[in-house]
Each structure stands twice: as C-alpha cells, then as structure tokens.
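Asks: Here is how the chains run, residue by residue.
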Amino acid sequence: MTFSKKWSAPFIVFVIAGTVIPILSIAYYGFTSRDGGITLDNITAMFSANHMQALGLSLLLALVSTLVCLIAAFPMAMVLRDSKFGKQGFTIFVLILPMWMNFLLRTMAWQVLLERAGVINGILQALGLPRQEMMNTPGAVVLGMVYDFLPFMILPIYNAVMKIDSHLIEAAYDLGAGKAYVYRKVILPLCVPGIVSGITMVFIPALTTFVISNMLGGGKVNLIGNIIEQEFTVNSNWYLGSGLSLVMMVFIIISMVLLEKFDKTGEGTFI
Amino acid sequence: MKKFFGNLYIVIIMLFLYLPILTLIVLSFNEAKSMSVFTRFSLKWYGEMFHSKLILGALVNTFSIALLAALIATIIGTMAVIGIDGMKQSTQTVLMGCNNIPMLNADIVTGIALMLSFLMFGISLGYCTILFSHITFCIPYVILSVRPRMNKATDTLFEAALDLGASRGYAFRKVVLPELLPGIASGFLLSFTMSIDDFIITHFTRGAGINTISTLIYSEVKIGIRPSLYALSTVIFLIALVVLLVMNRNNIKNERTAA
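Residue numbers (this note's numbering), protein chains in the order written: chain A, 1 to 271; chain B, 272 to 530.
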C-alpha cells in the first residue's frame with residue numbers, strides 16, 4: 001500500500017499509554033501486596049463469603065435484567081417490523097432519544113418515582129392505597145437496569161429483524177410450516193447476531209454497574225461493582241480493588257467467548 | 272386485531288421509556304420541592320440552575336472535553352487507519368486487538384486501570400487526565416467507523432490519481448479524504464456522544480474539584496435530589512431532541528437527493 005506507516009504513530013502511542021500500560025498496572029497491583037511482595041491474596045479474596053455473595057447477586061441481577069430486556073425487546077422488534085412505525089427512521093429516533101439523555105438522570109427519574117415520598121407513592125396515597133417500600137430493593141435495581149439498557153437490546157435486534165428477507169418467511173409458510181415453526185427455524189436463527197450483540201450490550205454493563213445499585217439500592221444492594229468502587233474511593237485498598245477487577249475481567253472474557261460461540265456469522269452489529 | 276395488540280405493545284414500551292423522563296419535566300415546573308404534589312407552575316428551578324456556578328462549570332467542562340476528545344480522537348483514529356493499511360497483517364491484528372480492548376472491557380475496569388497508571392507515574396488527576404482518558408476510549412469508535420471505508424477501491428483510486436499526475440498530497444485531499452469523510456463524520460459524532468454520556472471513566476480519572484455533568488449529578492443525588500436537577504434534565508432532553516431532529520431531517524434530505 002502507498003501510505004506511510006508513520007501516520008499511525010500517535011495512535012500507537014495512545015494504545016501503549018492508554019490501554020497497554022493501564023492494563024499492566026492493574027495487573028501489577030492485583031498481584032502485589034502493600035509491602036511490595038508478589039501475592040495471590042487479592043485474587044483469592046474473591047472467594048471470601050461477602051465477595052462471593054456480591055458476585056452471585058451481580059450475576060443474578062444481570063441475568064434477570066438481560067432476560068427481561070430480551071423478552072420485552074424481541075416482540076417489540078417484530079411488531080416494529082410489521083407496523084408503519086418501522087419506516088422513516090422514526091422508530092430509531094424514538095429509541096435513541098432516551099439514550100442521549102444522561103443515564104444518571106434517567107436513573108434518578110426512577111428514584112423520584114420509587115422513593116418513599118415519591119411519585120408512585122403519591123398516586124397510591126391519593127387513591128387511598130397504602131404506601132409501598134420500593135426503593136433499596138433488588139427489584140428496584142433490576143428495574144433501573146432494564147430501563148437504562150432496554151434500547152441497547154431493542155436496536156440490534158430491530159436491525160437484525162429488519163434485514164430478514166420477507167420472501168424467506170413467506171416461502172416457509174408456503175412450504176407448510178406453522179407459525180411457531182417459522183419463528184423457531186427461520187426468524188430466530190436470522191436474529192441471532194442481533195440478539196447476541198444485544199445481550200453483550202446489556203449483560204456486561206449490568207454485571208459491572210455500581211451506579212444503578214448505588215442510586216436505587218441505597219447501599220443495601222451490594223454488587224461486585226460497588227465493592228470494587230469502594231476499595232478505591234473509600235478504603236483506598238488499590239491492591240484488593242485491582243485483584244477483584246482482574247477476576248471480574250475474567251468473567252467478562254468468559255461471557256464474551258460464550259456469546260461468540262452463538263454468533264457464528266460474526267456479523268453482530270453494535271447499534 | 273393483531274395490529275391493535277401490536278400497536279398497544281409499542282405504546283406500552285414507549286410509555287415505559289418516556290414516562291419517567293416526562294415526570295422529571297413536569298416536576299421541573301413545580302414550585303414546591305415535593306416529588307409527589309404539584310402546587311403551582313413556576314420557573315424558579317430554572318433560575319436556580321442558570322445561577323448555579325457548579326452546574327454551569329460542569330456544563331462547560333462536559334462540552335469542552337467532549338469536543339476536544341472527539342476532535343483529537345477523530346484525527347488520531349483517521350491517521351491510524353491510513354497508516355495501519357501499509358502494515359504487515361500480523362501487526363494489524365495485534366493493533367486492532369489492543370484497539371478493541373477499551374470497547375469490550377467494562378468501563379469500571381478501564382477507568383480504574385487508567386487511574387492507577389496516572390497515579391503510578393505521578394500525574395495528578397484533573398481536566399487533562401479526563402481528556403486523555405476520553406480520547407483513549409473514543410479512538411476505537413473512530414477506527415471502527417473509518418476503517419471499513421479504507422478498502423481496495425480507495426487504494427486503486429488513489430493510485431489512478433497519481434498516474435494521472437496528481438501529487439500525493441493533492442490525491443490524498445481530493446480522492447482519499449472524500450472517500451473516508453462519511454466514516455470520519457460518524458466517528459466524530461459517536462465519540463462526542465460517548466464522551467458526553469460517560470460517567471464511570473470520568474468518575475475514576477477526575478481529581479477532586481473538577482466536575483462534568485455526570486459526576487455532578489452523581490454527587491448531588493447522593494446528598495439529596497434538588498429540583499434544579501429536574502430543570503437540568505429538561506434542558507438536556509430538549510437539546511437531545513433538537514439535535515436528533517436536525518440530524519434526522521438532514522438524513523431524510525440526503526436520502527431524497529440520493530434517490
């Protein structure tokens with residue numbers, strides 16, 4: 001090719017200074033102790049009871065919210081395919097708009113809705129119904145996750161669904177397939193790339209979040225993200241925090257590899 | 272009937288997505304501080320917001336960082352795409368692998384890793400460290416959107432221009448750059464929105480005393496939600512609405528002229 005390699009020099013500087021060195025430094029802290037010796041304690045700390053509990057809860061809540069997003073998003077994508085909303089880019093517009101709103105403000109909106117003196121309780125009271133305690137529960141955190149990440153599930157599935165040639169579906173019907181069979185054998189397989197990228201874009205942020213659990217869990221729902229964040233901002237134990245981050249990275253890599261297996265075509269679309 | 276249920280479903284999802292935002296907008300005009308009782312229409316929270324040095328300072332930081340980060344990332348990313356093309360296949364694979372790391376990794380790990388390396392080298396956290404981090408996580412998006420445009424055809428056209436007597440600089444400006452331009456534009460926009468929306472990486476790489484909109488909201492919400500934040504939500508929502516509407520209209524126009 002005709003261009004000089006020198007063009008990418010600033011990029012390589014950024015890759016080294018912004019990606020390679022930071023990853024190495026997190027690994028350095030993860031495998032050393034305060035007195036400078038090499039240790040595995042920060043890694044094995046993940047197996048202590050309260051860390052395991054936090055990790056388990058994170059996995060559970062991330063799984064539940066991913067599943068809820070998937071169940072809500074797939075029919076939405078199918079309905080949008082058939083409706084006149086689907087054209088003119090209007091749908092994309094309506095789905096992207098909330099994503100452009102700062103996600104802390106969106107999470108705060110649920111705090112306003114769910115709070116003890118919040119909007120929903122105000123409505124309940126006006127109707128003469130008893131107040132509900134909704135904040136600071138795992139349910140509130142899942143709701144926040146679903147709300148924040150739902151568009152990230154709908155958009156890739158919608159993109160995949162829109163690409164399906166309707167002749168394929170008609171052909172399947174003509175050849176005598178039933179509705180369920182067409183969904184299982186034609187539509188679903190063709191949506192896999194979209195579903196896989198949707199799951200990646202919901203599951204990983206949900207697994208690692210500390211913001212949503214902090215705002216809607218009020219310190220009572222401790223996820224692995226919260227524990228890591230506190231190690232850095234409250235306890236100033238960088239060594240332990242780095243060790244736990246490394247373990248979390250392993251979980252991210254595992255889930256990526258698993259998801260990759262499903263997406264054989266590799267045409268998963270980011271948005 | 273099927274159509275009815277389909278549309279009903281769309282409406283339900285839309286309500287789910289928009290009702291919380293609508294609540295914030297309604298409450299921003301509420302005179303009382305209460306979350307559940309609307310007393311009287313008032314603009315006083317907007318007044319409070321526009322007089323708050325904290326909020327205005329954070330707005331300036333957010334937008335200047337987003338603009339600078341997107342600009343620098345776009346330049347570096349585009350240059351990278353041009354330079355990488357001439358490299359060995361194996362080098363390309365390694366570089367692209369490293370390039371993907373910040374995109375695939377969880378933000379919390381990226382943020383912590385950056386913070387640790389800043390502190391290891393004795394760099395104090397502040398505006399510049401936020402900017403550096405934002406450039407770092409924006410570059411992959413620029414490369415992702417520009418690289419597909421740098422293909423065989425671009426090469427051939429460039430060489431044809433040289434054969435026809437164009438200088439390298441001229442051929443680059445007149446042939447390669449226009450070819451890359453749509454990718455460059457979408458890379459810039461993507462970077463800009465990612466930077467504006469980022470909280471987690473900023474949270475770890477900012478020093479004390481400097482705030483972007485996201486970090487300001489986070490610390491304010493921890494103390495207790497102030498209605499001026501509702502006003503801020505409304506303003507941000509309106510800005511997003513207008514920008515998207517303008518972009519959408521341009522897109523439709525472009526499609527029409529293309530057809």
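Since the hints were derived computationally from the structure, they do not count as laboratory data.
Everything numeric in this text was worked out from a predicted model, so none of it was measured.
A couple of the hints might just be wrong.
Reference listing, derived: stretches of chain B covered by chain A, where coverage requires no fewer than 3 residues with Cβ under 8 Å from a Cβ of chain A [what the hints assert, rightly or not]: (1) 276-288; (2) 300-313.
Straight line, CA to CA, 27 Å or less: simulated DSS-like cross-link-like pairs of lysine-lysine [stated by the list, open to error]: (3) B:K423 - A:K179; (4) B:K359 - A:K220; (5) B:K493 - A:K5; (6) B:K274 - A:K6; (7) B:K423 - A:K185; (8) A:K163 - B:K274; (9) A:K5 - B:K274.
Every residue gets a Cβ at the ideal spot worked out from N, C-alpha and C, and that includes glycine.
Asks: Of the numbered hints stated earlier in the document, which are not met by this structure?
Replies: 3, 4, 5, 6, 7 and 9
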